[in-house]
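Chain by chain, the residues:
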Amino acid sequence: MIQRGTRVSLARHARLRDDPRSGKPVLLAPERALELNATGARIAVLCGGEPTVGEIVDRLIAETDGNLPAAQIETEVLSFLRALEDRGLLIARGP
Amino acid sequence: MTDEAPRPYTLIAELTYRCPLGCAYCSNPLELSAGADAELATAEWERVFTEAAGLGVLQVNLTGGEPLVRRDLEALVAAARKRELYVNLITSGIPADADRLARLAAAGLDSLQLSVQDVDPSGATWIAGRADDDAKKATAAAVRALGLPLTLNVVLHRGNIGRVPELVDLAEALGANRLELANTQYLGWALANREALLPAAAAIETARAQAAAARERLRGRMEILFVRPDYYTDRPRACMDGWARRYILVTPDGVALPCHQARAITTLTWENVRDRSLAAIWSDGPGFRAFRGEDWMPAPCRTCDERATDFGGCRCQAFALAGDAAATDPACALAPRHDLVRDARAAAETAPAGQAPVRLRRLRQPS
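Going down the list, the protein sequences come from chains X and U. Residue numbering for the first sequence follows my numbering, starting at 1 and increasing by one per position. Residue numbering for the second sequence follows my numbering, starting at 1 and increasing by one per position.
Hints may contain errors.
Result set (EDC-like, lysine to aspartate or glutamate): computed pairs, CA atoms no more than 16 Å apart in a straight line [stated by the list, open to error]:
1) U:82 <-> U:37
2) X:24 <-> X:35
3) U:137 <-> U:169
4) U:82 <-> U:133
5) U:137 <-> U:84
6) U:82 <-> X:86
7) X:24 <-> U:84
8) U:82 <-> X:35
9) U:137 <-> U:97
Since the hints were made in silico from the structure, they are not lab data.
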């Protein structure tokens, strides 16, 4: 189960690109094209540095200048990462 | 219909009908007329990729037949990747060639889907004309060594549906990221061989439960997909996510279609990418427009609550079974001709065990 201490990165076969039609980021994988919202895209980019979940949460809290409750951000990050993991798009290591 | 055409997401590029296997459930048409000399050339495929990307396509499945028989496959992978398409190669893995796979990876291949006919060599020979365990294992090992994602695709039928646990074991041993256990859908070659292939209800239920247990056990390590035959679902499947809605298929000789089987619907007219742009065919080709949206739907589909979920099912199946491409898909329990599917299911319940004779898929030899 993914939690704050888990270290995450995108699966090697997941490719993030901009959709030329919508201008929105889209995550491509075999038989899949997931359109991401702004937060999802930011998390996907941050995953490139193989952070822990806690580091992603802290970074997003800093980037939103405290406009969103920290608990809400953490919930969003966890549910997004778990959704990626369920689709085989995430590599999770550690606790 | 004047609505703007929807955006396609995936191009299925059937590069060739040539294939070392003769699978009795092959999705290629029964009339395999396009030999090597009729196939689109490299530059023609490059133009198709450009036009597909322009329409909004994000993924391309390079398939066949066996796409490895195309000597220009490396160039085609590179051309698709250059247009930022996500490039999937769908292959039997025959012949196994690690150097070639390395060249394909270097050209930009994103993922590879390897077909496995059976874990039992006699079963593979019965259904495909030959067994190639070693080639499959070597291909899988080479793919994993290159760090490419590997999907194993197994088409299930009466001959192998009892071996789901062994198939899962094989997928684990080969290091697959994803295992597709997809029951045969009974069109084309599979329909011609239905009597020998359609499993009984209990066998499908057992296999589904085994796949579900394996999915739980392997969560996070391997994704497992199980697809039932639509003969047993009582509602039609969302064939191709709707007619001419998300997918474009181009045949080896350049005919643009909404799915693998549509060319068999003899009441529709199809166009060739050699004659017209893919964009023009997609938006106003008569075959593409025929069943796009909901205007074509008969009762009970037109008022059905599920019409936005299943898009009215499979038009090819309606044509093949009920003789009318606009009829309600006979897979639906509400269809006037559901009796056709019910009878086939009843026959499967009493079919004798063992390997019944099948007609293997063969490319028609030039005369």
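Taking the hints in turn, this is what the structure says about them:
1. U:82 <-> U:37: Not OK: residue 82 of chain U and residue 37 of chain U at ~27 Å, beyond 16 Å, violated.
2. X:24 <-> X:35: 7 Å, holds
3. U:137 <-> U:169: 13 Å, holds
4. U:82 <-> U:133: Status violated; Cα separation ~34 Å.
5. U:137 <-> U:84: 30 Å, violated
6. U:82 <-> X:86: 30 Å, violated
7. X:24 <-> U:84: 15 Å, holds
8. U:82 <-> X:35: The given pair, whose Cα atoms are some 21 Å apart, is violated under the 16 Å limit.
9. U:137 <-> U:97: 11 Å, holds
In this structure, the hints that do not hold are numbers 1, 4, 5, 6 and 8, in rising order.
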